[in-house]
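S.K.: Sequence:
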Amino acid sequence: MAATTALTDVAATLAKRRRGSLDEQDNEAHISAYLRLNELLEAPDTPARLDAVSAALPMLLATFDADLAAEPDEHITPLCLRTLAYFLYHEHSVARIPDATATVLVGHLFRLLYTTTDQTTYLLALWSLTKQKLDEARHQLVPRLVEVFCQATINTFQSRKVQLYALQGLHETLLKHPAAMMAAATKWCHVVAKCLESRDKSTRDASRRLFQALCHRAPLPPDAATIVATCLRLHGEPMVQEHVKAQRMLEAVHLWGVLTVLLQAELRADERRLDAMLAVPDVALRDPEPPVRILSLQLWRGVVRLWPAPWIFRKPLVVLVLQPLLGSFEAEPLETVVDAAYGTWEAIATAAVANLTAYCADHSYDVVRTLWTRWYDEVVAKALRCLLRHPRPRLVRQAMTFLSHLWRVDDDDDETRRSEPSAPGTESCSVAQTPAPPSLARTPDVALPRTGTIAPLVLFQDALQAVAAAFAVDDGASYALAIWHGFCHRLRAALVLAVDAHDARLRKVYCKLAWGMWSFVLGAATSPTLAWRHRQRLVPALVVEPATMAAMLDAVPTSVASVLHTVEASLRQAGAGPLDWLLAAHTTGLARAAALLFAEAVLQLHAGMGGPGDVNVAVEAAVAVAAVSRVAEWFAPAPTVLAQVATASALTDVQLLWDAASASPSPSANDFEAAPTAAVDALQSLTDDTVSPCLLQPRPPTPPRPMPPSSPPQEMPLPMPSPAPAPTPSPEPTLRSSPAAPPMPSASPELVPLPLPEPAQMLAPSVAARPSMVHPCLAASKEPIASLFQHFPQSFRQLIAFYNIKTIGDLAAMSETRVRSFPMKDPVATVARALDEFSGRTARVNTLANKSPMRKRKAAGTPPRTLTPHRRMQLDMLREVVTPMQLSFDSPRAKVADKVTFHLASPDGRVRLARPGEDSQQLHDLPDEAPPIDTAADDGKATVYSAKLLSHLERCSVYADRIHDRAVAGESSGALAATPALLGDLETAHGALTALSGRLHATAKVLATKAGHPRSVDSWASAASSGL
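Residue 1 is where the sequence shown starts when you use the UniProt record's numbering, and the numbers rise one by one after that.
You can take every hint at face value.
Distance ranges between label pairs, derived from CB positions:
#, residue 1, residue 2, range
1, E91, D475, 51 to 57 Å
2, K508, R841, 44 to 50 Å
3, S815, D580, 32 to 38 Å
4, Y89, E147, 17 to 23 Å
Quick list of in silico lysine to aspartate or glutamate cross-link-like pairs, EDC-like style, CA-CA up to 16 Å:
#, residue 1, residue 2
5, K315, D377
6, K133, E172
7, K176, E136
8, K508, D554
9, K16, E28
10, K315, E378
11, K245, E197
12, K382, D462
13, K201, E242
14, K194, D205
15, K161, D200
16, K187, D223
Don't read these hints as lab results, they were simulated from the structure.
Think of the CB as a built atom: it goes at the ideal place given N, C-alpha and C, for glycine as much as any other residue.
With these hints in hand, go ahead and build the complete structure from the sequences.
M.R.: In structure tokens, the structure reads:
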């Protein structure tokens, strides 16, 4: 009620002047009423206040009309404009202004802009038109607004403030009415582009913000795009280069981001202009200022829009796009800059996936044969390896989450993806308080193509590498399985198409692809290296659709047959000879793959390589294959046998377990589902301290035969440990089961008529006998780990830093459990072989050194002895001799000889000498008597001394000429020629040269006399005086 009364009183006071009262007292009251009205309008919006404003609005609008139509007043007109701007901006009030009244009031504003001579009134009118929210469809204000704003940019006041208000008006009008502003682009685009060349930074920023707003509307209508491209080509491109020359790198990068969006078509068609534009980020990415590097990395994601559509299949372009990001991951010290690089990497990877999806939708599989398809390795895998080489666990987790999302099977997690917070730097606002360009918008949610026959062919090798890399990351198993399931889903969809199609070539290609998946699971040498326990977890996803997979595995290509033969040979060398009854019985299709899978699992579990968790994994893999009863009915006993394999005292007993399990009733689907749980329960029950009296005592376990040392490392895909010494047999006699006793026809893992080992020996029969370190003798070695690189594959060398291995001692001190997790073939044996070779090499070096008749040498890996000063000086002289010549940009000047002695007069009158290379303060007294001259010495020394004398005299001549030239030129007027110190130095020099001349003449006289012509030097004195 109070608000309504106050507004009514103010409106009544303002109406007095409108009714004709024009005395000075009423003007003061009018001004006070306006001030009071502005105070009331600053109160918070409440329903009561809004109702009061609506009630007083007609009276106030009539007052505004009268005040603006009257002669402008320096006090009343600005207050009226300020108050009117509020009612034109407030949504509640502007909706209640009649169209006719709004037209009249806006007409007053336009008239004031053309007629007023007061700058304050002009600014308030511009501000009112900028903030107004009248309906454009009814009033059609944009054409007139563009005219007055463009006129204001070149205002008669020559005011920078007015120009900024005009540019702000154009900017806000573009945001509110983009379509109308596009239609009027020919009127304002040249004016705004010209402001990009202003000498004032605020003007340049204001004009650039308007073009950044256009970037969010890209692609523009054809007419608007043409005029915008023309203006930016005339004014934008030159200013980018000008900013770089003037070291305004932040402005240069901002404007470069605008040009890459609005000039895409022109830059894509003109390589010369594109190269010139790419020079800007090339400089900015190396700028010492972090804001410049951050903005450059954020805007770099837009460069992929400048390439033609299938840019992911052009390696030079892919390398160019990823190069600055990898450099930031490698060497950037600031985490904020690295976050910006990571956000750009996600955006580029997303753009690559979208590019692949579009390509797969428009092309057939046969075009892939002629393309470079390793874009995933360049874009994704290299970045991930780069992050793994450096301690950035947060970014590694984000990257693995992002990659698993790319490989997702369905879109059920899209809402979760949108609700997750984005990576720092992905959506950060611009550094210069300007709106971010569209390249910084949120990364679109995309996934790799789920259908078609192209994507699996392109992604096959990279998918296997990605799975292996994900398993190498701490807690990366879930990400690896997500990638694996995603690729298996895409492969199964492609296999269905290949089976249904009548294309023999397509069927052959996908037959190789299906066998390639199984080769990876079986640990073939041609596939990425992966530990056995991880490969077992990949099996269930391969047999989801048995009919399709079995149809593809019926035929075995020649290349695949050789790979399978190598896998089987490696298993036999590892000790799988007793399993020949199974390997030789199944040699085709999925049955052969299942037999190889079972054989490797038996070897691993029997050798003590797996605990309860690994047993569970192996059983789950066997259950997945055994469930495919139509394809591999014979494999049904595998889950039961794998759960009991730890109870077998020898591999020959596995056949008895198999026969016992085969004699049991055929398992159902429910039995397969419960098999993993039952296996683990049985395994845990076997580890109890109490042993069933129905079971016999165990016999000493037989370790598997070691690999032949001559076999190459690449042909040993199994991570088998080196054989451990057999445990000491118990003094008690060991009982063996009678061969005549028939096996019990029960498949239960709890009651098995076979010997049972002790709990400690059952799970890991050889682990207890091994030391905690791989090679204790080398645990203290400080030799760099690079000395063993020749023993390890290239993929593992890149992960050395990830395992924090810097020296050979670090590797030797690791436990076998840790070494067994290395992603390589047979990691324990490989590491042991490398350390043994190094230890033997060190021993041979020491032996040769001890037996050598020459000076004994230190053994390899020991620190060098302390050098004596004399020895260090000799080494320094040797380095000076062998150091290659380096470029020098100094001017060519004469150099002082190395072994010349100068005679210097000390302040106390004594004569001392100093040698070049010594401290200038270290002076030595001359000897009282000159040393006797060795007449038997080489006569050539006098020639050397004379040459050095001539060299120094030439240098003295150069200094004298310089002093003479400056004295003649009058340099330092008086300070040079009239300085007493300089005159004294010249006098001293003249005396020294005169004395030196006399000594030279006397020496020459002696030599001439000995030569037989003493008068030949008499003319020197006259020649010297004539020269002076």
